[in-house]
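Starting from the given sequences, assemble the full structure and let the hints guide the process.
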Amino acid sequence: MVQQGWLVWCGERYEVAGVTGKKKKLLIVGNGMAAGRLLDELIKRDVSGFEVTVIGDERQGSYNRIMLSPVLAGETDVPAIIGKPSSWYRDRGIRFVSGVQVKAVERERKCVLTSEGNRLRYDHLILAVGSRPAKIPAENQQLNNIYSFRTLRDVDRLLNVARFHDRQSRKTDTDALVIGGGLLGLEAAYGLALKGLRVTLVHRSGWLLNRQLDKTAGGYLQRVLEEKNIRFILNDEVARFSGSHELKSAELKSGQSLSCKLCVIATGITPNKELGLAAGLKGARGVAVNPYMATSDEDISAIGECVEFKGETFGLVEPIWQQCITLAERLCNNIKLPFENTPVPTKLKVSGVNLFSAGDFITTDEHRELVYRDDKAGIYRKLLLRDNRIVGAVLFGDARDGQDYFTMLSEKKDVSKIAPFLLMGRAFYQDSDQQQDSDGAVAA
Amino acid sequence: MNMPEKLIASDTVNTTCCYCGVGCGVTAAVADNQVVAVAGNTDHPANKGRLCIKGSSLHETQSSPDRLLTPMLHGKAVSWDTALDYGASKFREIIEQHGPDAVAFYLSGQLLTEDYYVANKLMKGFIGTANIDTNSRLCMASAVVAHKRAFGSDAVPGCYEDLEQTDLLILVGSNTAYAHPVVYQRIAKAKEERPEMKIVVLDPRRTATCEIADIHLPLRPGSDAYFFNGLLSYLADTNALDREFIAAHTNGFEEALAVAQGQVPDVTAAAHLCQLDRNDVVRVYQLFAGNEKVVTVFSQGINQSSSGVDKGNALINCHLATGKIGKVGAAPFSITGQPNAMGGREVGGLANQLAAHMGYDNSDDINRVESFWQAPNMARKEGLKAVDMFRAIDEGKIKAVWIMATNPAVTMPEAGRIRDALQKCELVMVSDCIGNTDTAKLADVVLPATTWSEKHGTVTNSERCISLQKGFLNAPGQARHDWQIMCDFAAKLGFSEHFDYPHQVDIFREHAALSGLDNNHSRGFNISALADIKREDYESFTPIRWPVTTGSPKGTDRLFGNGQFYTPDGRARFIPIQARLPVHEPTAEQVILNTGRIRDQWHTMSRTGTAAKLLGHVDEPYIDIHPHDIERFGLLEGDLAVLANQGQRYFGRVKAARSQRPGEVFVPMHWNGKYAASSCADALVNAVVDPICGQPEFKHSPVRINPFKQAWNGFLVCAEDIQPHCEYWAKITLDGGYKFRLADGEFPATWSDWIKNQFPLIGDWVDVHDSHDQFYRAAGFSDGRLQVVFSAATDKVSAREMRWLEQQLGEEIDSNTRFAILAGIPGAGVEDVGAIVCSCYQVGQNTIAKAIKGGCTSVEALGAKLKCGTNCGSCIPELKALMR
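Order-wise, the sequence lines are chains A and B. By the count of the numbering used here, the first sequence reaches residue 557 at its end, each step adding exactly one. By the count of the numbering used here, the second sequence reaches residue 903 at its end, each step adding exactly one.
By construction, these hints were calculated from the structure, which means they are not laboratory data. A virtual CB, placed ideally from N, CA and C, is assigned to each residue, including glycine. Do not take every clue at face value.
Unchecked claim - Below 16 Å or equal to it, Euclidean Cα-Cα: the simulated EDC-like pairs (lysine to aspartate or glutamate) are: (1) Lys511/B x Asp814/B; (2) Lys489/A x Asp286/A; (3) Lys489/A x Glu831/B; (4) Lys530/A x Asp814/B.
Claimed, not checked - Quick partial rundown of chain A residues pointing at chain B, CB under 10 Å, derived from the structure: (5) Thr476; (6) His480; (7) Ala490; (8) Leu498; (9) Gly510; (10) Leu536; (11) Gly538.
Structure follows, in structure tokens:
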């Protein structure tokens with residue numbers, strides 16, 4: 114699978130009339146979604162002062178990793194999710210080095226060392242090296258047919274297994290075992306189930322999406338996914354895998370053993386902080402940055418999932434988009450636009466499942482909780498209020514008003530007057546807001 | 020009034036309205052054993068084509084879900100034989116052991132004359148007791164005695180035309196706009212045509228009737244007799260007396276005048292005693308003195324009093340003193356409440372009457388009736404009047420009571436005590452068309468009776484006009500006519516021979532014959548010319564005013580025009596009146612409770628409560644109270660307040676009403692246990708009665724008033740009729756179900772359980788829950804159709820009602836609309852019409868207000884634009900008020 118690195122130069126067009134002096138070398142390590150978005154933001158502005166190089170270990174151009182689930186589910190295909198094919202870089206005079214890993218950053222020499230032993234110089238370095246699937250403590254993870262769900266390559270291999278999957282031979286308890294009931298695990302399980310596999314998902318917590326949903330919403334979600342032929346084992350973990358070369362079964366901590374042919378581990382991500390920290394940059398969970406995305410070395414910036422900001426790391430795209438804007442403003446315009454880590458709503462890409470979660474999602478004594486329940490229609494909506502302001506929203510079954518709640522949450526709108534109508538959606542609380550403002554109508 | 024087109028297309032029959040004492044002729048269109056439309060009968064003298072909202076909704080109140088279809092014995096359906104055998108054997112047993120005075124009948128002004136006649140005959144002639152009284156005791160007894168004292172007979176001197184043809188109309192304690200809407204319309208039209216005709220209203224309240232009044236005198240409650248004593252003194256002082264008439268046709272004038280002058284010598288005294296502006300009193304006295312044609316209409320406002328008889332006579336004295344009686348446009352005019360209170364009075368179906376205007380004060384009368392009836396057990400003394408009758412039941416002296424077509428558990432004073440009494444009573448029989456009235460719930464035997472459009476017989480209205488209330492529909496289930504039920508009962512007691520009537524006309528003929536028996540102009544009621552009426556003439560009975568004798572076969576419009584009265588010497592009697600105020604004075608913490616009717620409801624709502632349209636105008640028990648009192652008692656407009664007296668509570672919504680005098684509140688009399696948790700006005704009324712006639716003082720009860728401290732309030736809309744587990748609820752009939760307004764001083768454990776436990780059969784719920792318990796909403800569905808909506812809140816704003824929501828009841832609701840159901844609003848773009856003002860066309864206040872803003876500045880303009888007020892016209896006073 115290892116590909117030779119290749120270079121693209123477009124010298125003539127790179128020189129812009131009227132620009133004098135030597136261009137700065139801007140080197141972006143990583144070609145995931147953060148790098149792709151940063152390029153867009155840079156180009157939107159003015160990159161004439163830079164000679165831009167992108168170096169990434171995947172061989173494709175930047176693609177939309179979020180869309181891996183629909184690819185697995187067969188709802189879209191690979192070309193559709195590649196945002197930036199190699200021609201894109203060429204057309205914009207960007208040097209694109211693919212299939213190459215950066216081994217080290219040599220800050221004193223202001224260059225990086227690649228897996229091929231080459232050194233690339235930089236004036237300004239941007240780390241956008243992302244994250245990797247989190248490890249689980251189970252034994253025998255070296256067995257074949259145990260995958261993560263992170264890259265196009267993972268999806269490729271999963272699709273392969275699914276393609277050759279013999280639907281007639283049902284000797285196992287389950288065809289595919291998915292570990293992790295977070296967003297990624299659920300999307301993987303859904304995709305595999307759509308391919309006709311019998312899927313069992315093992316989740317360590319008591320309910321699905323326990324980082325985004327409360328127990329009730331998790332229960333609703335489980336009910337919907339069970340209808341899509343996914344079986345769930347909660348409050349359990351895989352202790353060890355068994356098999357000679359090929360995966361045969363997995364034994365759970367509870368003692369239960371499940372025979373299976375395929376396993377996807379999707380228990381979360383671990384920031385790829387090592388490259389930066391090894392070079393002496395500050396950081397703990399990730400590479401630490403200030404509000405302008407600068408690391409402890411002023412010539413090195415970092416964005417995306419490898420970053421740590423005020424102790425937080427990032428796994429969802431919205432804040433990363435903000436980071437890209439902040440960094441592009443600083444590099445191109447020398448404008449200091451501080452990055453703020455605002456709450457981000459959660460969405461799950463499973464057809465027929467509408468869910469939305471933002472802000473607080475577990476009710477505590479400090480919250481005023483408003484709940485809408487429609488068991489028959491499978492609709493659950495919860496808003497958490499503090500001081501008459503929305504601080505959390507969990508929607509299941511009908512997520513249409515999520516964005517509106519999110520706006521109110523972000524704007525800290527006082528909702529005390531419209532509280533009874535809030536959960537029914539915009540059409541009702543806006544109406545009610547206006548009516549009450551205008552006539553103060555009273556019951557009876 | 021034009022007849023609706025569909026009326027012409029189908030079979031039509033002429034009948035009489037079953038509601039108030041106006042006695043309007045109704046033309047009903049019938050198809051498939053159903054009344055499909057009604058219109059006023061243009062040929063009927065009482066209404067000449069007009070109908071009020073209640074009357075024009077008659078076809079919408081035909082099918083009550085609570086209609087009783089089979090006889091019930093101790094809650095189980097039984098055969099007629101079983102039910103009547105049980106009742107008859109109990110009656111016999113009790114009579115054998117305790118004598119006939121241990122049983123009683125309690126009747127109603129809703130009964131037809133033929134029913135009344137049979138009941139009276141059975142009780143007084145055969146069972147042998149005069150313990151037969153009626154709810155007419157609650158409305159008309161004072162007028163009856165006042166008439167008898169003055170005229171020697173219970174006879175209304177004039178007719179409705181007099182109200183139109185007079186030059187001065189004084190309405191005393193009479194809110195005709197609500198209680199007698201068609202008479203009001205006739206007056207209003209006359210006033211429009213002859214604006215010089217003066218109208219005066221004497222009423223502590225500024226009622227809707229005052230809209231057409233030139234002068235409203237908001238007198239001190241109960242001070243009416245002072246006012247008329249003052250008038251008598253004034254008439255004497257100003258030489259306004261008809262000395263000739265007094266000398267030729269009356270007795271006792273000087274004594275009556277002396278007493279009046281002794282008590283109320285002049286206008287100043289009258290104004291002071293009645294708490295009125297002196298100039299206003301002078302104006303009215305001058306008008307009375309200066310006009311030949313004066314009609315004084317009086318009704319419950321003075322009748323329902325501990326001195327109601329005296330008030331009636333004080334008023335009649337003034338007419339006698341000026342000869343303003345028996346002439347066109349001149350008469351004292353008692354207007355009665357019920358459709359056939361007059362028929363009951365004619366029959367003598369009251370404890371202190373005998374029969375056909377004969378009385379217990381005359382042994383010849385007793386003997387005459389005894390022989391006419393061939394009565395084996397003739398009662399020879401008066402029986403117990405309503406209040407005393409129920410006291411005797413409470414004390415165990417009366418052990419069996421048969422209640423027909425009325426609901427005393429709601430309407431009697433101390434209604435709470437009446438319930439206790441009935442609960443204790445050995446045998447309670449109830450005949451009614453509705454099976455679950457508050458009274459029927461307490462009965463051992465409940466008998467299904469026919470109702471309007473099924474029952475067949477005559478009624479008499481306030482102007483002595485007899486009409487046929489026609490039966491033209493088949494009775495449902497096993498329902499039977501009251502007279503038939505009683506005849507069967509009589510047979511089971513061994514009196515079959517005397518109660519073997521093939522048809523109503525046979526009863527009517529007997530009644531007519533009795534009225535003429537040895538009459539010789541000694542008794543007012545005489546319809547002897549009808550004693551041989553042919554069956555076919557009876558079936559197409561032409562309305563006629565009694566007396567109907569060989570001398571006046573076409574009836575009699577006015578009495579006493581010849582100066583001849585029904586007293587032994589033919590002279591009218593002045594009665595010296597020592598005016599009295601009501602018995603109970605309020606303490607500093609109390610207000611005076613006044614009770615009465617509202618426009619669109621009838622009595623205890625058993626019929627009118629089933630039509631959504633009739634609850635659109637006023638849908639909830641309320642308390643009219645002066646704004647000063649709202650402040651004084653710490654109330655808030657629109658909130659609930661509680662009136663309390665004798666351990667009973669009346670919950671009502673506070674309505675700021677400058678029409679009330681400070682210190683006095685008004686509440687509607689209609690609500691009862693079927694329509695509200697605890698809003699029975701009469702339960703708070705003290706059992707104080709007029710010593711002469713036994714009529715209770717419904718218009719004057721000192722009560723406490725306090726704000727209701729509610730923990731939460733809300734509403735419930737549901738398809739099914741329930742009794743919510745709630746301290747306060749009021750039921751409002753909708754087209755497809757019911758709405759309840761709710762409030763409670765305490766929270767339920769959870770609102771969710773509270774509502775779901777009351778609808779155990781519903782499994783499909785959607786709800787909104789607030790951990791701070793400031794609100795809760797839920798909706799329940801069956802097969803996707805909306806069955807229940809519940810909205811509760813601690814504040815008053817959140818549980819807001821919308822007509823739109825009520826219209827969704829029973830509809831299939833998609834998952835998207837389920838949000839709207841819980842919100843209670845359809846989302847953007849739908850206007851709420853507001854409280855219904857025009858019940859006929861369901862035009863709401865918001866719509867009207869908008870039209871007024873948009874330039875509709877007259878009732879006519881509003882009518883042209885929105886149709887409001889163009890059908891029955893009942894809402895016109897309110898339309899006018901909205902325009903001010």
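Now the hints, each set against the structure:
no.	hint	verdict
1	Lys511/B x Asp814/B	violated (61 Å)
2	Lys489/A x Asp286/A	violated (31 Å)
3	Lys489/A x Glu831/B	holds (14 Å)
4	Lys530/A x Asp814/B	holds (11 Å)
5	Thr476	holds (7 Å)
6	His480	holds (7 Å)
7	Ala490	holds (4 Å)
8	Leu498	holds (9 Å)
9	Gly510	holds (9 Å)
10	Leu536	holds (5 Å)
11	Gly538	holds (5 Å)
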